[in-house]
Structures are given as structure tokens and as C-alpha cells.
Amino acid sequence: MPELPEVEHARRTLEQWLGGAHIDTVHVHDARILDDGVTPARVVRALEGRRVMALERRGKWLRIVLDSGSVFSHLGMTGKWVRCEVGDETLRFEKVRLDVTARARKRRSVRYLDPRMFGRFVVLKESDADLPVWSELGPDPLVDGIDVAALHAKLAKRKLAIKPTLLDQKVLAGVGNIVATEALFVARIDPRRPACELSRAEVGKLARGILRGIEETLAMQEGETIQYVEEPGAPNPFIIYGHEGEPCPRCKRPLAKMVLAGRGTVLCAHCQR
DNA sequence: AACGGAACCTGAAAGC
DNA sequence: TGCTTTCAGGTTCCGT
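Count the first sequence with numbering that gives the first Met the number 0 and you get residues 0 to 272, in order.
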């Protein structure tokens, strides 16, 4: 569910909860969150007794750097990390629990919840140097910025429509369906256009739209718990995402919705060309 | 190699 | 009210 902004918010809160902490007890409630063949016992062995040195993010992946090795967390569509008191009852959808002693000897129970279970909790095998999907990620817009010339060159090789191309994490890490939808509207580019047809100027507009979308959503994240914007009751904060059928903010014609490479896509067929 | 589509899961909302 | 259908912001695999 989360895209880059929500994952960055998760990284910041996890850094507060876990930075420098000693991991006392680990419990895996559902092994389906792990890679095939990895047992909960192996995860416990890899984590218990370790200290958390840093929390990193690349795209939608989180990396918990330990004094020996690392673990990776991907929130999938519905994952979130929450903090409880040690001894609190198991939460609904709880998949992994880390009971830790944080700075100032404060004990905390940090838990990973994931109803839909598209998320992953990855402990590397001793033989693996790194997580391949992590090292294959493209530039992270927030960490690396967007090099328009490099992006233009990369897109020039792709005949696929621009929107599904943007969702390829090797192109830009962390861009998801919402950011892609919004950025294409801001840049006034039709999501169906082949990526290779975009001019350098259009790629520049797209890059600005992506950064703007990420920064605006990140600015909305407050408090400790990850918020998935547009949760029940909350107004939809996006420009066109989720606004299909409503008037285009620019030309007032109704916004269309279609499926592109399997993903719902909102657009203004008049403004985006 | 590149692409579309299905699969992986489950909950919430919409439809009837 | 309650049952059924649809949809979901991600990734991966499979067949063409």
C-alpha cells in the first residue's frame, strides 16, 4: 500500500524507536511473511541479541542495519510498523514482534502488522552479500534527486507506456501508482504515451511532478503511526487520484479512469497529451 | 527481451 | 440485513 513517502515516514519513526536499541526477544507470528524456506527460528537467531545501528530506506524498501548483518522490510500493500508496550496483547494482523531495550533503557515492543501479507521480512542467508532487489533499485528521488538527462536517456530505451514504466523500480525507486498518476497529470502527459517518445522538457516536468508528489505526501505524515492517506473519513488529498468522474481541476471536464498494465489509472484525456 | 495478465492474500466498501 | 462482487497505493512469475 505505501509508496515512498509513507515508507520514509516509517523509516523515521523506526529510527526513533529502534535506533541504538538492543533486540531482546523476537517472535514471528506468520512465516508466510518470510522468504520461502526461511524459518521463524532462523529469524530469531539472526536478530536476538543484536543491536540496531541504523535505519535505511531505498525506494519502498527498509533496511534495519544490525551490528552484525541486516534485515529488510517491505510493507507491500498493507504493512505498517507500530509501537506498543512490552507485554501488550498480540494485535490484529500482527506478523512480527521485536521486543527491545532502547536508549535510556526504555523497553519497547515494536510490531509489524500486515493484513494482506504482500509485505516481506527478509533475513539474508549467510551466503548472501546483499538483497538483490535492493541493490538493483534505481535512483531514489528523495535520496539521490532526479537526474533529468539520465532519466530521459533511460526512458528513451523503453517502448512501454510511460505510466507502467514509472512503476518499474529500476527506473526510479519508490514511485508507486499514486505518485505516477499525480505526476503525469501535473506534467500534462498522457499515461499511455510510449516512454521513449517523451521529450527532454517533458521528462523535466515529470521529474518535478514526482518530487512534488513525494514531498507533499511526506509533509502530510504526522505522528508516530503510518497513515495511509485517504483512510475512511479522511478527505482525499490528491489532485486526481481517486477523483475519477469529478471535474478536472484544470479544464473541468470529467476525469477518466482506465486500467493500464493492470493498474487503475486516472487521467484527464483533454489536459494530458 | 519485453510485455500483458494472473497470481499471491485479505479486508473494506459498494452493489444487490 | 446479509450475501456477493469489486477493488486496493506492490511485486513476481509465467507464457507468448
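Since the hints were made in silico from the structure, they are not lab data.
Every residue gets a Cβ at the ideal spot worked out from N, C-alpha and C, and that includes glycine.
One or more hints might be untrue.
To be verified - So the derived label-pair ranges between C-beta atoms look like this:
1. 85 x 169: 36 to 42 Å
2. 43 x 263: 38 to 44 Å
3. 64 x 252: 48 to 54 Å
4. 76 x 103: 32 to 38 Å
Stated by the list, open to error - When the alpha-carbon atoms are kept at most 30 Å apart in a straight line, the in silico DSSO-like pairs for lysine-lysine are as follows:
5. 256 x 204
6. 251 x 204
7. 251 x 156
8. 256 x 158
9. 256 x 169
10. 169 x 204
11. 158 x 169
12. 256 x 153
13. 153 x 169
Going down the list of hints, with the structure as the test:
1. 85 x 169: 36 to 42 Å: Given range 36 to 42 Å: holds, Cβ gap about 40 Å.
2. 43 x 263: 38 to 44 Å: 39 Å, holds
3. 64 x 252: 48 to 54 Å: 50 Å, holds
4. 76 x 103: 32 to 38 Å: Cβ of residue 76 to Cβ of residue 103: about 35 Å, so the range 32 to 38 Å holds.
5. 256 x 204: 22 Å, holds
6. 251 x 204: 22 Å, holds
7. 251 x 156: 35 Å, violated
8. 256 x 158: 22 Å, holds
9. 256 x 169: 26 Å, holds
10. 169 x 204: Roughly 20 Å separates the two Cα atoms, so the pair holds.
11. 158 x 169: 15 Å, holds
12. 256 x 153: 27 Å, holds
13. 153 x 169: Holds: residue 153 and residue 169 sit about 10 Å apart, inside 30 Å.
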